[in-house]
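Chains as they are written, first to last, in this note's numbering: chain A, 37 to 200; chain B, 817 to 916; chain C, 2 to 642.
No lab work stands behind these hints: they were computed from the structure.
Check before you lean on any hint, since a few could be wrong.
Stated by the list, open to error - Quick list of in silico lysine to aspartate or glutamate cross-link-like pairs, DMTMM-like style, CA-CA up to 25 Å:
| # | chain 1 | residue 1 | chain 2 | residue 2 |
| --- | --- | --- | --- | --- |
| 1 | B | K915 | A | E119 |
| 2 | C | K38 | C | E120 |
| 3 | A | K197 | B | E910 |
| 4 | C | K38 | C | E463 |
Residue strings, one per chain:
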Amino acid sequence: MTGAEILFFILAGLLVFSALMVVLQRDVVYCAMALVAALFLIAILFITLNAPMVGVLQVLVYAGAIMVLFLFVIMFLNPRVSEARPGRWWSLVVAMVLLLGGALAALTTNGDPPADPVATTELFGSPENLAQSLFSDFVLPFEIASVLLLVAMVGAVVLAKRER
Amino acid sequence: MVPLSHYLILGAVIFAIGVLGVLIRRNLIVLLMSIELMLNGVNLTFIAFSRFLGSTDGQVMVFFVMAVAAAEAVIGLAIIISVYRHRQTLDPQELQLLKW
Amino acid sequence: MVTAGETITTLDLLRWIPLIPLCAAAFNMFFGSNLGKASAGMLATSAVGASFLIALYVFLRLPAAGLFSDMLYTWIESGGFQVRLSFQVDALTSVMLLIVTGIGFLIHIYSLGYMAHDEDMARFFVYLNLFIFFMLVLVMADNLLVLFVGWEGVGLCSYLLIGFWYHDPNNVIAGNKAFIVNRIGDFGFVLGILLLLTELGRQGVWSLDFAELQKHVRLLSPQMITAITLLLLVGAAGKSAQLPLFVWLPDAMAGPTPVSALIHAATMVTAGGYMTARLHFLYALAPGTLEVIAWIGAATAFLAASIALVQNDIKKVLAYSTVSQLGYMFLAVGLGAFSVAIFHVFTHAFFKACLFLGAGSVIHALGGEQDMRKMGGLRSHMPTTYRTYVIAALAISGAPLTAGFFSKDLILWQAFSHGALGLWALGLLTAGMTAFYMFRQLFMVFHGELRAAEHVRGHLHESPPTMTLPLVVLSLGSIFSGWLGAPEYLWGSKWDRWLAPIFGAQTHHGSLESEILVTAATLALVGAAIYLAYLRHGRAVATMTQEAEPRAGAFYRLLLNKYYVDELYDRAVVRPFTASSAWLARVFDPLVIDGIANGIAGTARRASELWQGLQTGNVQHYLVGFLVGTLALLGYYIGQP
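Make the full structure from the sequences, and use the hints.
This is the structure we're talking about:
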C-alpha cells in the first residue's frame, strides 16, 4: 500500500464519518459543523486529484460562503423546537438507500476504467487551464451562471424580506 | 496510485448518505445540507474522472455545479426563512397543504 | 292506376286542392282569434269549398286527360330509391276527392251553426281544415309513403278532434284510445310497407310508386304477397274499425258531432277501404288474404249491428252502425268486388253523414241530451230534421231506390253469386238488424210522447238553416247517389264504367232471376224488421224506461255491454302492460339502470380513493418514490449484460 493510498483511505474514512454525522446528528449546528468538515476533506481530495483550483474554490465558496450562510440562517431562526423522530418506515428507507449506493458503485465501476491516470502536465488543474476552457468552450454557460447568481440574489432578498 | 474505482465508490457512498439525509431528517435546514452532500458526491466523481481521463471538462463542470449550488442554497434558505415565519415549523412533514 | 296507353297530364292546379285548406288552417291557427269566430269559420268553409270546385273541375276534365299528375318535389333520394311528393288523380281518386271535399264542405257549413256557441270555434276549424288537408294528401298520393303521411295525419286530426273539449278528461281518454288503437294498426301497416319495399328491392325494383308497384307486382312470390297484404290489412283494420281494432270508434263519439259525421263516417274510416282498393292489384294475387278480409268484414258487420240493437245513446247506435257498414265494405273487398266496395263508401258517406248531422241537430235542440230514452215526439218540433232522418234511415236500411238499396244489395248479390253462402247469410241478417235498429232509433227519437226533461222543453226548436241545409242536400244524395250504380236489370252501372280503367270491367255472374230473388229476399227481411221495430217502439209508449229494458237477461246485457270487448282488452292487454310499465319504473329503473350508472360512478370513486393515499403532501414521501424509480432504472441497467 503506497502512501497515496493510505492518505486516501484516511481521508475517505474521515469523510464518510463526517457525512454520517451530518445526517445523523440531532443538533442542527453539529450537523453544520460536520458538513464543513466534510467539505474541507473533499477539498483536500480534490487537491490530491490534481485539481488545485477547484479545491481552493471548494474551500472558499462551499465551506466558506455557503456554510456561513447556513449558520447565519440557523442562528437567525433559532428554532426552539427539537426535531421530531424519523417516520415509521425509516429502516426500509435506509435499506433502499444502501441499495442505491451499492447499485451506483457497481454501475460506475463496471467496464474497464483506465487503471492509471492519463499523463498530464503540471498545469493540469491550474487556474490558467481552467480559465482557458471556461472562456472559450464554456463561455455561454459561464455568462448564464452569472445571470443565475443575480437572479438568486434578487430572489433571496424578495423571499426573505420582512413583510410590512 | 489510487485506482479510479476507489474514488467512484467513495463518491457513490457520499451521494447515498446525502440521499438518506434528505429522506429521513425532519429538519428543513438539515435537508438542504444533505442536498449539498449529494452534490459534493457528484463533484468528487467528476473530478476523479477528469484526472483519470486527462480532460479539464470535469473540473469546469464542477465549477458550474458549485455556482448553481450556491444559488440554490441561497434561495432554499430564503424559502426556509419564509416558511418559518408563516408556519413556525421546520418540519417538512408539517407542510402538507397539497395533501388530497 | 295507369294502364298501358293512358295519357298523363300534368296539372299544377292539383296541389291546390290540399294546399288551400292547409293555408286556411295555418292562417286560422295564428290569426283565428283576431278574425273572430264567425270569420274564421267562413274562411275555413270557403277553403274547402274552393277545393271542392277544383276537384269538380278535375273530375269533369278527367276523361279527356286520362290521368292528372302534379309533382311537387323529391322528398327522399337514397341510392336507387326515390320518393317524390307527388299527386295523382285517376278515376278512383277523383271520386274520393269529390266525397271528401263535397261532404266536407257541407259539414263545414253545418259546423258554422253547430259550433256557433263554442268559445274554441276557431281552433275547431283549424283542426277540421287540417284534417281535410291530410285526407286529400292520402287520396291523392301517387306512392305508398305519401299515402302513409296522409294516413298518419288523419289519425292525428282524429285524436285532436275527439279530444276537442279537452277539459273533460273522458274526452281526452277517448282521443288517446283512438290514437293508440290506430297506432297498433299503423304498426302493421308500416311493417307491410317495409316488407314490400325490401322484397321488391331484392328483385331490383326500389320504389313505392303505385304505378311501379302495379307493373312489377308479379316479381313477388305468393307467400310474400300474402304476408304483405296481411300486414297491410292490420293497418286497414285499425283505421277502418274492423274486428278486432274497432273499439276506438264508439268512444270517438266523445268528439263534437260534425267530427263524428266527417271523420268517423264519411272519410277517415274509409281510408282502409281506399288503401285496399288502391292496392287492388296486390290483393288480387293473395286470395288467402281476401278470404280473411271477407270474413272479418262480415263478422264485424254482424257483431256491430247486434250491439247497435240495444244501445241507448243516439250517437253510439250510429257509431256501431258505421262499424257495421264498414264491415260491408270489407266484405265486398274480400270478394274482389273493389268497385262495389268503393260504391258503398260513396253512398254510405251520404246517408251516414246525414244521420250524424241529424243526430247533432237533435242533440243541439235538446241542449246536449244524448240518451234516446229521454227523447221522443220530436217529429213535430223539428220537421226538417225528421224528414231528412227518415230518408237517410230508409237509405241505410236499403229501401227500394234509395242509395243503400243499390250499394248494399250489390254486395249481398256478389256474396251470393260467388257461392259464399255463409258470408251472404251474415250480410243478410245484418241488413235485417240494420233496418231494425235504425227504425227503433227513429221511433224512439221522433215519435211517441215527449219524454224530454222539463227544462229542455222550452228550448226545443228546429235548427238554423246553416244546419238544416246540409241535411237536405245530404238526404237528396242519400237517394240519388245510389242511382249511379244500378244493377244490370235496371239501367246499368255508370259507377262501374267510371272506375273500369282501374279495376277492369266488373263481371257479373249468376242469372238475372237469382239476382232478383236475392234482392226480393233482402227487401222482405228489411220490411219485416221495420215492422217489428214499429211494433215494439213505434206506438206511443208512455214510460220508455220499462219498455227499454225488456228481458234484462244475460243476452241483453251482453249486447248492451258490447260483448265486453273493452273489458277483455283491458284485462288481456292494458293491465299487463301498465303492470310491466310500473314494474319497470319502480323496480327495474332504480335498481338496474341507476344501479349501473351509480355503480360505475361508485367504482370510479372507490378506485380514486384507493390511489388518493399516494398524495400525502409530504415531499419526503414523494422523494422516496423517486428513489424507488431510480433503483428500478439502475437495476435494469445493471441487469443488462
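Quick rundown of the hints versus the structure:
1. B/K915 - A/E119: holds (22 Å)
2. C/K38 - C/E120: holds (8 Å)
3. A/K197 - B/E910: Answer holds: A/K197 to B/E910 is near 23 Å, not above 25 Å.
4. C/K38 - C/E463: Holds. C/K38 to C/E463 sits at ~23 Å (cutoff 25 Å).
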